[in-house]
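S.K.: The primary structure of each chain is shown beneath.
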Amino acid sequence: MKGLSKNTLLIIYAAIVLLPFSMVLFTTFKTTPELYRNPLGLPDSWSLTNYQDLFMKESMSTYFMNSIIVTLSSVAIIIFLSSLIAYAIFRLPKKIGYILFGFFVVGMMVPTQVNMIPIYLLINKLGLLDTRLGVILVTVGSLIPIAVFILTGFMKTLPEELIEAAKIDGAGEWKIYSKVVVPLSLPSIATVTIFAFVIVWNDLLYPLLLLKSTEVKTLPIALLSFQGQYLTNYPMIFSGVIIASIPMILAYIFMQRYFIAGMTAGSIK
Amino acid sequence: MKRKLALILTLAMVLSLALAGCSSKDSSTDAKDSAKHTITFLHWRGEDTEVFNKIIAEFEKANPDIKVEMNVLPSDSYIANASATLLSGKGSDVFASFPGSQFEALQDSGVYADLSNESFLSKFSESLIEAGKSDGKQLAVPYQLVYNIPVYNKGIFKKLNLDVPKDWNSFLKVSKTLKDNGYDPILFAGDVSPSQFINPMVMNNEPTDDAFPKLETGEEKLTNDWFVKTLSQIKELNDKGYFQKDPLGTKKEGAAALFAQEKGAILALGSYMMSAVKQQNPNIEQGLLSPITVDASQMKYEGIHTATFMLGVNAKSKNQAEAKKFIEFLTDPKIAAEYANGTGQMLTLKDVKYDSPELTESAKWLDKKTLFQPRYTLKKEQVSKAIETAVQDVLSGVEPEKAAKKAQEEVDRAIK
Amino acid sequence: MQSNNSAGKVIESNLGTPPYSSLQTKTKKRKVNTVLFWFILPGFLIYSIFYAGPTVFALYLSFTDWNGVADAYNFVGLSNYKELLTDSPIFTQSLGNNLKFTLTVLIFQTILSLFFAILVAKNSKKNVFFRAIFFFPTIVASVSIAFIWTFMYDPNIGVINSLLNKVGLEQLGQSWLGNQKIAIYSLAFVQFWAHTGQVLIIFVAGLQAIPKELYEAISLEGATKWQTFRHITWPLLAPSATIVIAYTTIQSFKAFDLVIAMTGGGPSHSTEILSTFLYHEAFTNFRFGYSSAASVIFMIIIAVITVLQFKLLKSDDVKY
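Residue numbers (the working numbering), protein chains in the order written: chain F, 278 to 546; chain X, 15 to 430; chain G, 40 to 359.
If you are wondering where the hints come from, they were derived from the structure by calculation, not from laboratory data.
Do not rely on the hints blindly, as some may be mistaken.
[To be verified] Straight line, CA to CA, 27 Å or less: simulated DSS-like cross-link-like pairs of lysine-lysine:
{"id": "1", "chain 1": "G", "residue 1": "220", "chain 2": "X", "residue 2": "420"}
{"id": "2", "chain 1": "F", "residue 1": "372", "chain 2": "F", "residue 2": "433"}
{"id": "3", "chain 1": "G", "residue 1": "205", "chain 2": "X", "residue 2": "259"}
{"id": "4", "chain 1": "X", "residue 1": "193", "chain 2": "G", "residue 2": "165"}
{"id": "5", "chain 1": "F", "residue 1": "283", "chain 2": "G", "residue 2": "161"}
{"id": "6", "chain 1": "F", "residue 1": "433", "chain 2": "G", "residue 2": "161"}
{"id": "7", "chain 1": "X", "residue 1": "259", "chain 2": "F", "residue 2": "334"}
{"id": "8", "chain 1": "X", "residue 1": "292", "chain 2": "X", "residue 2": "249"}
[To be verified] Incomplete in silico selection of chain F near chain X, CB under 8 Å:
{"id": "9", "residue": "298"}
{"id": "10", "residue": "299"}
{"id": "11", "residue": "317"}
{"id": "12", "residue": "332"}
{"id": "13", "residue": "333"}
{"id": "14", "residue": "394"}
{"id": "15", "residue": "401"}
{"id": "16", "residue": "406"}
{"id": "17", "residue": "485"}
{"id": "18", "residue": "504"}
[Unchecked claim] On the chain X side, residues computed to face chain G include the following (Cβ under 8 Å):
{"id": "19", "residue": "293"}
{"id": "20", "residue": "295"}
{"id": "21", "residue": "406"}
Every residue gets a Cβ at the ideal spot worked out from N, C-alpha and C, and that includes glycine.
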């Protein structure tokens, strides 16, 4: 009885999530007129023309590659730098830790629209306009706050004895960080990685602001050209969205292993 | 497991370093290729991407030393992204802008290069490019011509033996007949219609053509009779159930879908929707009509037009000559016809051959007496927004006098 | 990035030097270990140059009348702030809407994510599967979420009202996005629909950090499910809860894409929230300076709320 009701709840929630999502999927098999005639139902036929048209767009593979480059580099840098910062905050005296924590975390509270133009002007001045590096640097800067915020929160919960023990063994800060704290923090690192991955992969703001040439544009910008003033080609956009979501699903599945890894690491004491 | 993670991290970082290097190389090779000028063309018409791609290809063929990079931004975040490129002078050699408050702010900031002496100006209908003028200088040329009056379904009108209404009483009568026959008389899109439908509603009610600009000088007030009357007439349509169910909750996509499915007869948007509707229902026969809010004898205007998609050249651009060449190319009759017929847009150019039934239908309105969209004669967007809000308030059940008073307070704040 | 790796090596080689070891005496108050500042430096630089710096510049503009496109602007002192606080009903309305929105999202998103995180915390195949499904909406770009829900809510061709009609509950049918009293809550629903699965994984990560032995011990004592939750799960989950609550608050305060795409702040400003207000002021009304001033107030409000939450959740007695 108990198991049944738990499963029922899970299935209800899954349905509430999946039903609207399935409409995104169905839309990709429809034509625009069909979509408006029958926005939420099953498509008339399961034709793949939208996907074919999408791939016919010559630069699609370039956009995809650019997205991969920007996302992987940004996420790797964010995780590495933020975990270092979070570790330092965790190890520093409380007062300094507080100040640093506040300094970084206040960045989360900045409304995204306010610094767009100053960022553009800065990147322009540095000659990084229209380069992937420019977008990567800005993305890293903008996401360090949230990564530091989550990682610091989790590191606080690590058992101090382990670190003390490592210290007694003569380990330096780098060793403690890389051999003790990071392995123990894998679940939270995996969490932040997946957060950052999704945010960067779907980000439109900075790429749209900073990238203007076809050679460097990312996938979400490319999908924008289907969005019109009065008429938006939703079937095409959604086909793009579905294709764009595949790397994220892969990333999610990959990161899932580290939840398990973290758990075993935590229980070995 | 740890080692794998470390390996991935290092790999990704090496990758990013390598790319940082090669992306800067990218730009340096671009710069070396100086024989070829690259101009950027910034606009918001996503639905025109394909047609523009073709036109750009033809332009590049005709001008082998110029490359055009087109950037399409969504219209709702257009200026947020465009303003930065305008400031830096990079990324917007040719750019589109809206008339009214946007043009005002941009010209105020000295963004536009002067086009007054360009020969291509003679190809435009002079009266239609007024919106791009400031202090006698032609700073931008409106390219598209739009009629901001409702689209109606000719088939339904024919079936019910209805004539296009010529005064307020007949407009109400037509709406009643449509309703009695099971149609939604007027399809109203809560997001866009408040700013569109108000134009034809106000054009014959306002005492002078410049009543809207006078709001900004304080000479006119929204609490005056003409505006309150306009709001009351919108309320009358709403109270009598002549809009579809829940007009404010309906978005333009939903309203257009109902129109295309012939469940409603009049779509309170504009001529720009005709090609979108046609795509959804190829059999529909569409026309344009205006709600005439007065007696036929008092009618001053038959409809509303807007000259928009104003093309300008960035004053800070290093490629102004090439940019002007591109605009000139767009005014070529053959290219203009290609654009118009490919996108279903009317143009401000003279002598364009329109070949679709929708464009031919719109072209009939060239000879009618139409007023330039009053909302775009406003220099402050806040005033325009206050008017839009008043319409939404009335549709939410607020009394017209009260909605007008609230809107006037907002206007007072904006102009003080 | 290479510099980081080499910095790491330098750090390691420095560790053995006497000054360092002498810092590590058994004093109660930990001394500042300068090596740790090297850990912070690279991130500090990127964040300061590419994010904090432009932000500070934007905030400086709040004392000007810059329009966002012109080369020149005038210094206007505090007048933008004065106007916002004394003569801007739309700003006040946006703040009120934002509080309604954030509070609704906060309550539902936190409770639902905690509840379902407990159900799927164990790493069984089934749970991993459900976690992935719950995470789905986070993956899809917000443009598609906005589109789908606009159609779900549509009064004439939408699913929700027609479903209610079918089961005979048409009196529950509403003008979801058109009614000024309801629209903001309809948006809040979409917001937590889309993000519950995202914060759920924070709770899952937190739950997995709780040692199994504790559960074994308490179950040996014959504790009920509620007692287990009350005495083990909740106290040990407090840090994750702090993260989720603060994150949700900030995220829902900054919600922008959904609102712009679904209602644009309308009808009649009833769904205008602070982020859309800022955006409209800066980029449709061309009042960038004024918009920057609103941003400053916006940040202060979020900061105060976040600090209060931290205090309330007493997470500051956990060591840093």
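S.K.: Confirm or reject each hint.
M.R.: We went through each hint and held it up to the structure:
1. Our distance criterion of 27 Å between C-alpha atoms is met by residue 220/G and residue 420/X, whose separation comes to about 18 Å.
2. Taking the CA atoms of residue 372/F and residue 433/F, the gap is near 15 Å; set against the 27 Å cutoff, the hint holds.
3. Between residue 205/G and residue 259/X the CA atoms are separated by roughly 18 Å; this keeps the pair inside 27 Å, and the hint holds.
4. With a C-alpha separation of about 54 Å, the suggested pair residue 193/X and residue 165/G falls outside the 27 Å cut-off, and the hint is violated.
5. For the proposed pair residue 283/F and residue 161/G, the alpha carbon gap of about 14 Å is at most 27 Å, so the pair holds.
6. For the proposed pair residue 433/F and residue 161/G, the alpha carbon gap of about 22 Å is at most 27 Å, so the pair holds.
7. Distance restraint check for residue 259/X and residue 334/F: the Cα-Cα separation of roughly 41 Å exceeds the 27 Å cut-off, and the hinted pair is therefore not satisfied.
8. With a C-alpha separation of about 30 Å, the suggested pair residue 292/X and residue 249/X falls outside the 27 Å cut-off, and the hint is violated.
9. The interface hint given for residue 298/F is violated, since its Cβ lies 19 Å from the closest Cβ of chain X, which is over the 8 Å cut-off.
10. About 20 Å separates the beta-carbon of residue 299/F from the nearest beta-carbon of chain X, more than 8 Å, and the hint is not met.
11. The interface hint given for residue 317/F is violated, since its Cβ lies 12 Å from the closest Cβ of chain X, which is over the 8 Å cut-off.
12. About 16 Å separates the beta-carbon of residue 332/F from the nearest beta-carbon of chain X, more than 8 Å, and the hint is not met.
13. Using the Cβ-Cβ criterion of 8 Å, the hint placing residue 333/F at the interface with chain X is not satisfied: the shortest such distance is roughly 12 Å.
14. For residue 394/F, the shortest C-beta to C-beta distance to chain X is roughly 5 Å, which falls under 8 Å, so the interface hint holds.
15. Hint status for residue 401/F relative to chain X: holds, with the closest Cβ pair at about 5 Å, below 8 Å.
16. For the restraint placing residue 406/F at the interface with chain X, the shortest Cβ-Cβ distance is roughly 6 Å, inside the 8 Å limit, so the hint holds.
17. Contact between residue 485/F and chain X, as hinted, is supported at the beta carbon level, the nearest pair being about 6 Å apart and thus within 8 Å.
18. The interface hint given for residue 504/F is met, as the beta carbon of that residue sits about 5 Å from the closest beta carbon of chain X, less than 8 Å.
19. Hint status for residue 293/X: violated, given a least beta-carbon distance of 17 Å to chain G, over 8 Å.
20. Interface hint status for residue 295/X: violated, as the beta-carbon distance to the closest one in chain G is roughly 15 Å, over 8 Å.
21. The interface hint given for residue 406/X is met, as the beta carbon of that residue sits about 4 Å from the closest beta carbon of chain G, less than 8 Å.
Checked against the numbered hints above, the structure breaks hints 4, 7, 8, 9, 10, 11, 12, 13, 19, 20 and satisfies the rest.
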